[in-house]
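If you're matching them up, the sequences are chains A and B in order.
In terms of this note's numbering, the first sequence opens at residue 1 and continues consecutively.
In terms of this note's numbering, the second sequence opens at residue 1 and continues consecutively.
Do not rely on the hints blindly, as some may be mistaken.
[Claimed, not checked] Non-contacting residues of chain A with respect to chain B, defined by C-beta distances greater than 12 Å in every case (computed):
#	residue
1	48
2	77
3	120
4	178
5	256
6	313
[Unchecked claim] List time: in silico DSBU-like cross-link candidates among lysine-lysine, alpha-carbon distance up to 35 Å:
#	chain 1	residue 1	chain 2	residue 2
7	A	90	B	319
8	A	102	B	291
9	B	291	A	250
10	A	252	B	71
Quick caveat, the hints were computed from the structure, so don't treat them as lab data.
In this text, a Cβ means the ideal position worked out from N, Cα and C, and glycines have one as well.
Chain by chain, the residues:
Protein chains: 2
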Amino acid sequence: MAEATAKGACSPPTKKQRTDDCSDAVDSTTDQGCVGDRDPHFLTSFKDFEVVRVLNNDEERKSVVVECQIKGREGVAVAQLQKLPFNAQKLGDILSSGTTLKTLFQNDIYYNKTALVPPDLNEMKATVIYPAEKKHILRYEKQPSSFIQETPRLFREVTKRFIETSSFSKEWIYNILDHKKEVDRIVFEDPDPDIGFILVPDLKWTGEQMEDLYLQAIVRRRDITCLRELDASHLPLLRNVLEKGSTAIKEKYGIPAHKLRVYLHYLPSFYHLHVHFSALSFEAPGTWAGKAHLLSSVISNIETCSDHYQKVTLPYTLKDNTPLSAMFKDHGYFSE
Amino acid sequence: MAEATAKGACSPPTKKQRTDDCSDAVDSTTDQGCVGDRDPHFLTSFKDFEVVRVLNNDEERKSVVVECQIKGREGVAVAQLQKLPFNAQKLGDILSSGTTLKTLFQNDIYYNKTALVPPDLNEMKATVIYPAEKKHILRYEKQPSSFIQETPRLFREVTKRFIETSSFSKEWIYNILDHKKEVDRIVFEDPDPDIGFILVPDLKWTGEQMEDLYLQAIVRRRDITCLRELDASHLPLLRNVLEKGSTAIKEKYGIPAHKLRVYLHYLPSFYHLHVHFSALSFEAPGTWAGKAHLLSSVISNIETCSDHYQKVTLPYTLKDNTPLSAMFKDHGYFSE
Numbered sequence: 001m002a003e004a005t006a007k008g009a010c011s012p013p014t015k016k017q018r019t020d021d022c023s024d025a026v027d028s029t030t031d032q033g034c035v036g037d038r039d040p041h042f043l044t045s046f047k048d049f050e051v052v053r054v055l056n057n058d059e060e061r062k063s064v065v066v067e068c069q070i071k072g073r074e075g076v077a078v079a080q081l082q083k084l085p086f087n088a089q090k091l092g093d094i095l096s097s098g099t100t101l102k103t104l105f106q107n108d109i110y111y112n113k114t115a116l117v118p119p120d121l122n123e124m125k126a127t128v129i130y131p132a133e134k135k136h137i138l139r140y141e142k143q144p145s146s147f148i149q150e151t152p153r154l155f156r157e158v159t160k161r162f163i164e165t166s167s168f169s170k171e172w173i174y175n176i177l178d179h180k181k182e183v184d185r186i187v188f189e190d191p192d193p194d195i196g197f198i199l200v201p202d203l204k205w206t207g208e209q210m211e212d213l214y215l216q217a218i219v220r221r222r223d224i225t226c227l228r229e230l231d232a233s234h235l236p237l238l239r240n241v242l243e244k245g246s247t248a249i250k251e252k253y254g255i256p257a258h259k260l261r262v263y264l265h266y267l268p269s270f271y272h273l274h275v276h277f278s279a280l281s282f283e284a285p286g287t288w289a290g291k292a293h294l295l296s297s298v299i300s301n302i303e304t305c306s307d308h309y310q311k312v313t314l315p316y317t318l319k320d321n322t323p324l325s326a327m328f329k330d331h332g333y334f335s336e
Numbered sequence: 001m002a003e004a005t006a007k008g009a010c011s012p013p014t015k016k017q018r019t020d021d022c023s024d025a026v027d028s029t030t031d032q033g034c035v036g037d038r039d040p041h042f043l044t045s046f047k048d049f050e051v052v053r054v055l056n057n058d059e060e061r062k063s064v065v066v067e068c069q070i071k072g073r074e075g076v077a078v079a080q081l082q083k084l085p086f087n088a089q090k091l092g093d094i095l096s097s098g099t100t101l102k103t104l105f106q107n108d109i110y111y112n113k114t115a116l117v118p119p120d121l122n123e124m125k126a127t128v129i130y131p132a133e134k135k136h137i138l139r140y141e142k143q144p145s146s147f148i149q150e151t152p153r154l155f156r157e158v159t160k161r162f163i164e165t166s167s168f169s170k171e172w173i174y175n176i177l178d179h180k181k182e183v184d185r186i187v188f189e190d191p192d193p194d195i196g197f198i199l200v201p202d203l204k205w206t207g208e209q210m211e212d213l214y215l216q217a218i219v220r221r222r223d224i225t226c227l228r229e230l231d232a233s234h235l236p237l238l239r240n241v242l243e244k245g246s247t248a249i250k251e252k253y254g255i256p257a258h259k260l261r262v263y264l265h266y267l268p269s270f271y272h273l274h275v276h277f278s279a280l281s282f283e284a285p286g287t288w289a290g291k292a293h294l295l296s297s298v299i300s301n302i303e304t305c306s307d308h309y310q311k312v313t314l315p316y317t318l319k320d321n322t323p324l325s326a327m328f329k330d331h332g333y334f335s336e
């Protein structure tokens with residue numbers, strides 16, 4: 001019944017239709033769908049889905065992205081399935097007679113089981129893009145990375161050139177520093193033109209719970225792009241950000257300095273010096289070695305050797321499909 | 001029916017019985033259970049379980065550990081539930097008419113849904129410890145950590161004393177170096193007494209797939225405990241481990257050097273110098289800044305300043321319930 005209705009109500013779109021109607025709407029936020037949503041039975045289940053290939057299987061986070069074909073429809077779909085965190089409110093329902101257990105093995109007081117949980121207590125999140133274009137597939141496909149061992153020479157010959165020739169707009173940063181935007185989000189501000197900064201919540205933090213506290217300090221000076229440029233002349237600035245930033249977080253959120261992770265990214269996502277503050281309990285994105293540089297280490301390294309960051313090799317991971325990676329390749333880096 | 005049988009077949013153990021029969025068997029590997037396994041209906045479901053409190057809810061990895069009481073039985077149980085990674089072989093079954101979808105919202109070509117998946121295609125892993133003792137609860141309970149900013153002085157006055165006074169047995173390391181154990185696991189060996197090392201797979205790696213490749217190099221010299229002791233005199237050793245270790249992995253597993261993460265831990269888990277090699281695609285445990293020190297950085301830092309690691313502050317995260325944390329507390333660290 002459902003099958004007949006679904007097929008009857010919505011004939012497959014032709015390639016021409018889809019391209020004309022939808023290709024420019026990929027990033028729009030209009031509510032006008034072009035396929036499927038005229039059919040009330042489309043996507044009430046995964047009926048007629050056929051797996052083409054797995055684009056990414058994240059075993060750590062328990063999510064998978066699959067390229068699919070849908071029987072009777074043109075083009076491809078991208079389907080993402082994500083297992084959800086446990087909801088503490090529902091644990092009483094899960095730990096009940098409705099959850100049956102099968103023994104894997106038992107040893108003394110240790111029981112190893114598989115648990116079959118009623119579907120409504122074990123929902124997943126599903127996201128489907130249909131019709132999907134090449135760019136959707138590229139966005140979700142697992143991208144390999146490589147380690148770059150950036151010597152001072154490679155910085156000058158490749159990375160610095162990349163920073164100078166790429167057009168990164170810094171308007172949004174200057175809007176914050178000039179009080180044109182996000183004024184109500186400012187947690188702390190030091191107006192000093194040399195060592196001052198503005199502390200604002202990171203966009204990834206909802207601001208609601210302290211477990212995933214995440215803020216960033218944007219320095220007032222507009223002439224420092226990144227870690228590579230820091231030397232002893234910047235120590236007053238760096239110490240000021242560490243001390244006043246930590247104190248402001250202690251006063252506003254009650255989290256002491258030794259429960260904070262304070263770090264710079266190298267490479268950063270934008271080239272105006274900024275410092276991340278996150279709760280130690282939170283595994284914030286980009287806290288691994290080869291990306292995060294703890295500010296206390298940076299200060300100590302510069303105290304020990306003023307031009308430390310102009311002299312050392314800085315290793316970092318870089319996605320293979322990025323423009324900078326292509327520049328390293330052109331430079332002969334990977335054939336060394 | 002099941003309820004009556006379960007209760008009839010196995011009367012609750014008394015406190016005395018449990019302590020006598022089981023308390024020493026916690027870490028044993030015998031097959032003799034002491035409770036429950038005489039009752040064929042015990043733990044065929046979570047019937048009669050009552051949540052006492054959540055010990056740890058890992059939202060990133062989708063696992064939860066709960067302290068429970070079981071109606072009609074003495075003592076407490078610890079139950080761990082873990083959502084499992086997607087099995088690529090079963091995706092065809094999951095993406096079928098058996099999985100129903102409920103709409104959260106839809107925008108253009110993007111469909112946001114919750115998915116109800118048949119229980120046998122969405123199994124969890126369940127581990128139950130019953131009867132559980134205080135130490136089981138301590139082991140699973142989320143332990144807060146703090147950042148230690150270890151100055152050279154704090155190293156001398158606290159950490160070094162901790163290393164010297166704690167009794168870490170190194171017999172298992174010497175067994176490997178002396179070819180008494182794990183000889184068949186050796187991937188590469190350099191017999192040089194000064195710069196030589198043995199490369200073996202880490203116990204956490206099954207050795208089956210390259211995605212989570214993980215090995216470690218154990219240096220032959222027995223007089224170097226950790227990162228703090230390294231200076232220019234160790235550069236030949238460090239360069240040798242980096243170069244020959246990477247080459248051996250390339251030859252045996254086909255993974256080139258720029259797809260490897262090569263690092264030391266500080267603090268390490270044992271105090272005999274060793275280096276970790278893991279696949280870049282693998283988020284190995286302990287790769288965050290404040291734990292992992294990339295070997296190429298370590299070499300570069302020492303090249304720039306011979307006694308770098310004797311002079312700098314080394315920040316690291318430390319669990320609050322460890323003996324070393326207690327020593328820092330006694331030293332007045334947290335009251336500064």
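Now for the hints, and whether the structure bears them out:
1. 48: violated, 8 Å
2. 77: Residue 77 of chain A is in fact no farther than 12 Å from some Cβ atom of chain B, at 9 Å.
3. 120: violated, 6 Å
4. 178: holds, 32 Å
5. 256: violated, 9 Å
6. 313: For residue 313 of chain A, whose nearest Cβ neighbour in chain B is about 4 Å away, the distance does not exceed 12 Å, so it is violated.
7. A/90 <-> B/319: holds, 30 Å
8. A/102 <-> B/291: violated, 39 Å
9. B/291 <-> A/250: Holds, at roughly 24 Å.
10. A/252 <-> B/71: Cα-Cα ~45 Å, so violated.
In summary, the structure is inconsistent with hints 1, 2, 3, 5, 6, 8 and 10 from the numbered list given earlier, while agreeing with the others.
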